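Student: Sequence:
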Amino acid sequence: MKVPHFLVILGPTASGKSGLAVKLAKKFDGEIISADSRQVYRGLDIGAGKITKREMQNVPHYLLDVANPKRVFSVAQYQKLAKQKIREILARNKLPIICGGTGFYIQAVVDDLVLPEVQANLKLRESLARKNPEELFKILQKLDKTRAQNIDKNNPRRLIRAIEIAKSLGQVPNFNKNKKAENENKNIVIIGLNPPAEKLKKLIKIRLEKRLKSGLITEVRNLHEQEKLSWKRLENLGLEYKFVALFLQKKIKDKKEFTEKLNTAIWHYAKRQMTWFKRDERIRWLTEKQALKLKLK
RNA sequence: GCGUCGGUGGUAGAGUGGUCAAUUACAACAGACUGUAAAUCUGUCGCCCAUUGGGCUACGCAGGUUCGAAUCCUGCCCGGCGCA
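Just so we're aligned: the first sequence equals residues 3 to 299 in the numbering used here.
In short, the hints are calculated from the structure, not lab data.
All of these numbers come straight from a predicted model, not from anything done at the bench.
One or more of the hints may lead you astray.
[As the list claims (entries may be wrong)] In the DSS-like style, the derived pairs of lysine-lysine whose C-alpha atoms are separated by at most 27 angstroms in a straight line are: (1) Lys144 - Lys169; (2) Lys273 - Lys291; (3) Lys55 - Lys169; (4) Lys133 - Lys169; (5) Lys28 - Lys85; (6) Lys55 - Lys133; (7) Lys230 - Lys263; (8) Lys125 - Lys147; (9) Lys201 - Lys273.
Please construct the entire structure, taking both the sequences and the accompanying hints into account.
Tutor: Dropping the structure here:
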């Protein structure tokens with residue numbers, strides 16, 4: 003296989019991406035760029051499954067801890083930073099390895115999506131949040147007919163963001179399709195890891211137990227008490243952060259119920275990740291063993 | 001033992017003579033994704049064929065009433081509560 007412009011390692015949560023990335027980085031003299039929408043935040047460690055210094059084995063890792071967890075980080079920001087890191091790594095004659103489970107972030111980089119730089123308007127969002135989808139849709143229709151035509155009418159979050167963008171830019175810009183075509187020529191190797199469902203379920207379960215033992219609950223409590231992250235914010239961060247926050251608030255009282263619900267939620271997440279990945283035919287689905295046998299020249 | 005309330009689809013739990021293969025939620029499965037993505041949203045969900053539609057088996061078990069029963073009656077089995 004030709005030496006790629008960069009390498010991507012993706013897969014559902016708990017599929018073993020981080021470990022593989024380190025091994026491949028050592029083999030190919032690479033450096034790793036995380037593609038994870040939660041690991042970008044400072045202080046989200048155990049719950050987000052951030053790789054430890056020790057696990058990094060001296061392989062440089064980027065785009066971890068680059069954002070304040072109080073503020074919402076966006077794909078647009080991610081894309082900008084990731085592209086910059088890729089350039090830097092290439093300039094050093096090393097192989098950039100993008101590794102993560104946030105499909106959208108990965109796509110933003112791989113296909114170089116055109117993302118409107120419209121910042122979150124919290125006041126606008128708050129006032130729009132009170133409206134139902136039908137009302138939101140009507141507002142969007144007035145602002146941007148094109149976007150209204152292909153948007154999911156039932157999805158308030160999308161509707162609100164579309165309105166936000168339309169208000170600021172007049173309309174929601176299109177993806178740059180040409181860019182995507184151009185990218186087909188770029189040599190990008192995408193490796194997907196996808197253990198069988200039953201195995202993945204087990205991996206998720208074991209990993210959660212491990213996280214609980216290594217202080218997950220304390221981490222979330224500290225984020226709330228010391229870092230002053232509101233419960234609402236923690237709930238919004240999802241999965242571990244959401245369910246531990248609910249548990250600490252006693253909205254879920256039973257520890258067993260808490261574990262079960264969280265496990266299910268993580269499983270649901272893994273499945274959502276897979277539906278996203280499945281449609282990308284460029285992904286080469288391999289086992290870790292197969293991936294380690296890859297040769298680049 | 002008597003009294004009483006209840007036993008409904010994988011689970012919880014509505015339904016109390018027809019419009020019920022059975023509200024809803026969860027789980028399960030599939031999917032979307034113009035940018036808050038660990039979020040947000042959608043579809044399917046008894047079985048068998050079918051394009052609308054049709055057939056079959058189902059609401060603890062066995063009988064009965066009725067044109068018609070998850071729904072009413074009788075007996076039995078099982079569980080909660082009360083009194084003994």
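Student: With reference to the structure, classify each hint as holding or not holding.
Tutor: Status of the hints after comparison with the structure:
1. Simply put, Lys144 and Lys169 have alpha-carbon atoms about 11 angstroms apart, close enough for the 27 angstroms limit, and the pair holds.
2. Between Lys273 and Lys291, the direct Cα distance comes to roughly 23 angstroms. Compliance with the 27 angstroms bound is thereby established for this hinted pair.
3. Note on Lys55 and Lys169: the hinted pairing is violated, with a Cα-Cα distance of about 44 angstroms set against a maximum of 27 angstroms.
4. With a C-alpha separation of about 17 angstroms, the suggested pair Lys133 and Lys169 falls inside the 27 angstroms cut-off, and the hint holds.
5. Pair hint Lys28 plus Lys85 holds up; C-alpha atoms about 22 angstroms apart against a cutoff of 27 angstroms.
6. At most 27 angstroms may separate the alpha-carbon atoms for a hinted pair to count; Lys55 and Lys133 exceed this at roughly 46 angstroms.
7. Distance hint between Lys230 and Lys263 is fulfilled; the C-alpha atoms sit about 25 angstroms from each other, no more than 27 angstroms.
8. At most 27 angstroms may separate the alpha-carbon atoms for a hinted pair to count; Lys125 and Lys147 meet this at roughly 24 angstroms.
9. In summary, the hint linking Lys201 to Lys273 is supported, as the alpha carbons are separated by about 13 angstroms, within the 27 angstroms threshold.
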